[in-house]
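2 protein chains.
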Amino acid sequence: MNNYSEKGLLPAGLADMLPPTASAEASYTEALMKVFTANGYLRVKPPLIEFEEHLLEGAGAALSSKMFRVMDPVSHRMMGIRTDITLQVARVATTRMKQDPRPLRLSYAGQVLRVHGSQLRPERQFTQAGVELIGASEIAADAELILLASEALNALNIPDLSVDLTLPTLVPAICEELGVEEETAAKARLALDQKDAAVLDDFGDTLSPILMALLKAAGPAADAMRQLRALNLPGRAAEQIAELDRLVTLLTEASPDLVITIDPGEFRGFEYQTGVSFTLFARNVRGELGRGGRYHLIDGEPATGFTLFMDSIMRAAPRSKGPKRLYLPFGTSMETGAQYRAEGWITVRGLAKAASDSEEAKRLGCSHVVNSGDVTEVA
Amino acid sequence: MNNYSEKGLLPAGLADMLPPTASAEASYTEALMKVFTANGYLRVKPPLIEFEEHLLEGAGAALSSKMFRVMDPVSHRMMGIRTDITLQVARVATTRMKQDPRPLRLSYAGQVLRVHGSQLRPERQFTQAGVELIGASEIAADAELILLASEALNALNIPDLSVDLTLPTLVPAICEELGVEEETAAKARLALDQKDAAVLDDFGDTLSPILMALLKAAGPAADAMRQLRALNLPGRAAEQIAELDRLVTLLTEASPDLVITIDPGEFRGFEYQTGVSFTLFARNVRGELGRGGRYHLIDGEPATGFTLFMDSIMRAAPRSKGPKRLYLPFGTSMETGAQYRAEGWITVRGLAKAASDSEEAKRLGCSHVVNSGDVTEVA
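Chains A and B supply the protein sequences, listed in that same order.
All residue numbers for the first sequence refer to my numbering, where the first residue is 4 and numbers rise by one.
All residue numbers for the second sequence refer to my numbering, where the first residue is 4 and numbers rise by one.
Read the hints as simulated data drawn from the structure, not as lab findings.
Hints may be right or wrong, so weigh each one.
Below 16 Å or equal to it, Euclidean Cα-Cα: the simulated EDC-like pairs (lysine to aspartate or glutamate) are [what the hints assert, rightly or not]:
hint, chain 1, residue 1, chain 2, residue 2
1, B, Lys37, A, Glu28
2, B, Lys37, A, Glu346
3, B, Lys69, A, Asp75
4, A, Lys69, B, Asp75
5, B, Lys365, A, Asp103
Kindly generate the complete structure, drawing on both the sequences and the hints.
See the structure below:
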């Protein structure tokens, strides 16, 4: 019989979440979901595993190497453990909820698993919570999502929130309008994403100045928009800038305190996005709190959504102290216990007569004890 | 590209939980957890997968054939997807929380997966919520758990609850006291479990009458205890009956309305239990709501716990209607929306000007619409 004493009790990147963290994660997740629900988002819960090909549709293909697979002995087909929930929710929207009126607002929370952690995120199991808004192409939909994410994170009292906007489709549109060939366009996009000013100079007299200007424009929204407007980009690129401008206006009007930055050249992690994409941060907190943006469902329907990462949120959200623990000496009646719980106490019942009730209370981590019908603080 | 139109979208026994079921399951689970927390149970969250040998310890071995396995490319060891959470919580108690004061009260909620469903439960993914009370051998601990389960289920307004008590160790103790050989004892135990009166007659003049009496005793607690006391069983068997008697007294005193039945011969599903075990039912609801009982941790520490099955609980709990949906016409301010949400409405925002706000409200499943600053019911 294994006595658990060996090293490496759990596989790397997998952990037991202990008190009080497990409880905090659950309350924070439900607090976020409550905000989504109050804004009309309907909760769905896809299964943890399903046929692998459905998990690898479209954007899912990028996560193929990160997916655990298991054989289904019932169907003799391969199943995958989900690495992300967004794609599953998109599948639900295009199948069982295809007849539901649009725009369709859906929310979800749950666990995902990955075969490998990353250097920044060594964990292999995450909790995600998020929403998808399906069938709306209006920029008001993008605004609704960013404001919703902000409302949800504010509900957890996370200080110093900011949202960083990007247009992963902007550089491709510029290059197409300018007739830049694809290979060069891809290099330009990467150089800008990596903020590699030296390389940005190598794209000729027309493209290089634009790329440099985009690099320079990155920063607080008002200033960034001024620079982007002044660029006078051609055709579809100009339309994208105008759309971004409308979004910034909507956000600023609706939530004047929201800190908005723009990084027009960022695209990594947003490869499959088709419009404005965004990342949520809290100052001085490692890692993104969440990210989202526009994409198309496999049947072509427009969609936008975001996912919040509970591990970052746990680092960002101030912990509440929670109710106090009250020791109920052995023999305390059920009614008495129920009354104290109704008043907001956590009650801890003595299972046998203790030599000293207050010592026993202290030993069990209780700050208070019931003493001849009164609540006394433990010295 | 797969268009999801094929038959068998999801593997058998796995399902997308849709609105409003997914939301109800989450609220019910958190309502149960809230009761556990208020009674001093600390939440833990073990990972969904871990090294398979840890999931197969002790009672886990019985679930070996039901466990999905995946290879861990990091450690090159086999991991299993958990089929149950109890064993993981027991592992946490004997390792990372070994130094925490006893009795240790832990709670958990989460998903488990099984390779095969059963005829009664074709599902392969379940939600479980439960508690473990570790390091207490007093019968008051058994009473605390049964009363806690009842308090939690009452919090969901589940009507007509009952708890069925059994002593899986009773027939083995009787047989040992009477010197019955093991093979015969196992047959006797099975015949009694199956309530096979014809077979019960075949165990000789001493054992058969006792088995028949145990069979006859099954039923409402007061009457069952009278019959069991009258049996005058030998030694350790009598001690077990006396312990059961104390438990019934404790439960009846604490919760006079709780319906208690006793089935002294039932043992299937409780093979690894070391004392009083119990099953929770709601009248006219298919399947157990939960089950629990005494066992030993692998280091010998006494423990008792129970697991609630959210699928049965969803069938048993009355659904609440939930808040009403209010349509906010395009252009409604953020503050207005926030105010209505603070009053308890679910708000659904228009993303573009609608031809008729009340028609649009109706189309989106809203019962009310904001009309010139007032809330109007949609005809």
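Results of checking the hints against the structure:
Taken as a hint, the Lys37 of chain B and Glu28 of chain A pair is honoured in the structure, with Cα atoms around 14 Å apart against an allowance of 16 Å. Between Lys37 of chain B and Glu346 of chain A the CA atoms are separated by roughly 14 Å; this keeps the pair inside 16 Å, and the hint holds. Our distance criterion of 16 Å between C-alpha atoms is met by Lys69 of chain B and Asp75 of chain A, whose separation comes to about 12 Å. Restraint check: the Cα-Cα separation between Lys69 of chain A and Asp75 of chain B comes to about 12 Å, which is no more than 16 Å; the hinted pair holds.
Under the criterion of a C-alpha separation no larger than 16 Å, the hint pairing Lys365 of chain B with Asp103 of chain A is consistent with the structure, at around 13 Å.
Hint violations for this structure: none, all hints satisfied.
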